[in-house]
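So the sequence lines, in the order shown, correspond to chains X and B. All letters in the first sequence, in the order written, are residues 0 to 81 by numbering that gives the first Met the number 0. All letters in the second sequence, in the order written, are residues 0 to 381 by numbering that gives the first Met the number 0.
Hints are not guaranteed to be accurate.
Derived lysine to aspartate or glutamate pairs resembling EDC-like cross-links, with alpha carbons at most 16 Å apart [unchecked claim]:
#1 54/X - 239/B
#2 312/B - 48/X
#3 262/B - 189/B
#4 229/B - 57/X
#5 107/B - 56/B
#6 229/B - 58/X
#7 312/B - 13/X
Don't read these hints as lab results, they were simulated from the structure. Just so you know, these numbers come straight off a predicted model, no measurement behind them.
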Amino acid sequence: MPADLKLLEFIKTDLARGKGLGTLQETDDLIETEVMDSLGIMKLILFLEDNYAVKISDEDLTLENFCSIESIHGLLERKRNQ
Amino acid sequence: MNFSLSDTQLLQWESIVDFSRRELNENVRENDQQGNFPLENWKKCAEMGLLSLLTPEQYGGLGEDLLSSALSIEALAYGCQDGGLVHAVITQLCCVVLMNLYGSAEQKQRYLPKLSTGELIAAQSITEPDAGSDVMSMRTRGDINGAGYLLSGGKVFISNGPLADLIFVFARSGEGKSSFGGDISCFIIEKHAAGYTVGKPLAKMGLRTLQNSELFFDEVHVPDHMLLGKHGHGMFIFNESIEWERVLMTAAHLGTMERVLEKSVSYVKTRKQFGQEIGKNQSVSNKLGTIKMNLELGKLILYKMAWLKDQGKRVTLEASLGKLFVSESLKNACLDAVQVHGAYGYMMECDVERDLRDSIAATIYSGTSEIQRNIIARILGL
Chain X
0 MPADLKLLEF IKTDLARGKG LGTLQETDDL IETEVMDSLG IMKLILFLED NYAVKISDED
60 LTLENFCSIE SIHGLLERKR NQ
Chain B
0 MNFSLSDTQL LQWESIVDFS RRELNENVRE NDQQGNFPLE NWKKCAEMGL LSLLTPEQYG
60 GLGEDLLSSA LSIEALAYGC QDGGLVHAVI TQLCCVVLMN LYGSAEQKQR YLPKLSTGEL
120 IAAQSITEPD AGSDVMSMRT RGDINGAGYL LSGGKVFISN GPLADLIFVF ARSGEGKSSF
180 GGDISCFIIE KHAAGYTVGK PLAKMGLRTL QNSELFFDEV HVPDHMLLGK HGHGMFIFNE
240 SIEWERVLMT AAHLGTMERV LEKSVSYVKT RKQFGQEIGK NQSVSNKLGT IKMNLELGKL
300 ILYKMAWLKD QGKRVTLEAS LGKLFVSESL KNACLDAVQV HGAYGYMMEC DVERDLRDSI
360 AATIYSGTSE IQRNIIARIL GL
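All chains should be modelled from the sequences, with the hints used to inform the complete structure.
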């Protein structure tokens with residue numbers, strides 16, 4: 000399932016902006032590419048909570064949930080279906 | 000929108016101001032000059048309940064919300080002239096918050112009651128010589144070793160460090176370069192842990208009654224049950240902690256600013272030059288008008304961020320806005336207070352010179368003003 004366009008837009012134009020990554024793919028590792036630094040993850044959590052009416056808990060804060068656009072989308076889907 | 004405070008909050012404010020003025024203001028100047036921590040006053044603060052504001056009732060605390068606690072800290076800093084003691088109290092409260100939010104049931108039972116009575120003094124150790132603003136580049140390591148971890152490295156400038164019975168240590172526990180994915184964890188150690196040593200108290204420009212030092216960890220064994228929260232969650236624990244810290248520090252800065260303003264207003268009403276009160280000169284009164292404006296604006300952002308936290312919201316942006324604005328305003332207010340007091344303001348007996356020295360640190364600790372501006376810019380998408 001393709002990632003939500005709003006989420007894609009946010010990660011590409013905000014978190015990844017100016018990092019010289021060219022085209023960011025949904026499966027690219029956001030940690031290795033340094034898209035996701037310590038403030039970036041906080042910005043992303045705020046973005047998800049503000050735009051998708053979900054609450055990201057401490058339990059959700061795993062590498063697996065945030066390592067790629069695809070995995071973030073998966074987390075979002077699970078949170079929405081809860 | 001309701002801007003009123005409850006009767007309980009107002010009563011508590013008055014009670015803490017009375018207590019602080021009555022019990023905490025003796026020998027502040029001498030303790031500042033000698034760098035002495037006022038342990039007796041620390042105990043009085045504990046008896047007053049100031050260390051247990053945020054501790055749940057089941058652990059012997061007052062179980063207050065953050066807004067009420069922030070008001071209490073504002074009252075403390077307004078009444079108490081010892082900025083170092085106020086800082087030490089906030090450091091303890093932040094450790095209580097960490098324990099309450101992330102501690103296991105066993106950890107809470109073991110430590111929260113004693114932290115709340117001040118019997119145990121706590122410190123958070125994060126900063127390293129090469130990891131200040133770039134905190135996540137820390138080198139102190141907590142590597143898995145059998146049924147626990149081995150902690151090795153060093154920290155610097157740690158508030159309450161020389162006195163701490165309990166130390167919350169943030170350390171790198173993964174192999175990756177990033178601050179995410181298991182790289183940073185938070186460990187708890189007790190002061191008698193083998194391999195743990197404390198440097199001498201550091202001499203400082205201000206906040207001299209607050210004790211700061213280096214901490215050294217030479218293969219300190221940390222059993223599994225002394226990990227705080229989950230392995231690899233250190234960055235999130237830190238981010239949460241820093242929001243609480245910025246709220247409470249902002250509250251203290253506003254209390255100090257209000258005290259400095261009142262002292263300055265009182266002085267310029269009585270000091271006469273050229274046949275009139277110096278406060279009648281606009282070059283003087285404008286300074287105090289600006290302090291009042293910043294004080295009231297600062298209270299609005301403080302109460303908003305405390306209220307948001309009480310609603311379970313994240314306040315990354317608000318905490319940076321508030322910390323930046325209020326700490327810079329405090330520094331400017333103290334500088335202006337010295338100026339309007341003239342030569343007297345430059346003398347130690349006036350006390351505003353100490354407030355000025357203390358205030359400089361406010362724009363450095365808990366994230367420098369430059370870093371706050373960077374955070375705000377990043378949140379704006381810049």
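Quick rundown of the hints versus the structure:
Distance check on the hinted pair: residue 54/X and residue 239/B sit about 15 Å apart at the alpha-carbon level, within 16 Å; holds. Of the supplied pair hints, the one linking residue 312/B and residue 48/X holds, its CA atoms being roughly 9 Å apart against a limit of 16 Å. Distance restraint check for residue 262/B and residue 189/B: the Cα-Cα separation of roughly 42 Å exceeds the 16 Å cut-off, and the hinted pair is therefore not satisfied. Annotation: proposed proximity of residue 229/B to residue 57/X holds, straight-line Cα distance about 9 Å (limit 16 Å).
Restraint check: the Cα-Cα separation between residue 107/B and residue 56/B comes to about 12 Å, which is no more than 16 Å; the hinted pair holds. For the proposed pair residue 229/B and residue 58/X, the alpha carbon gap of about 9 Å is at most 16 Å, so the pair holds. Distance check on the hinted pair: residue 312/B and residue 13/X sit about 22 Å apart at the alpha-carbon level, beyond 16 Å; violated.
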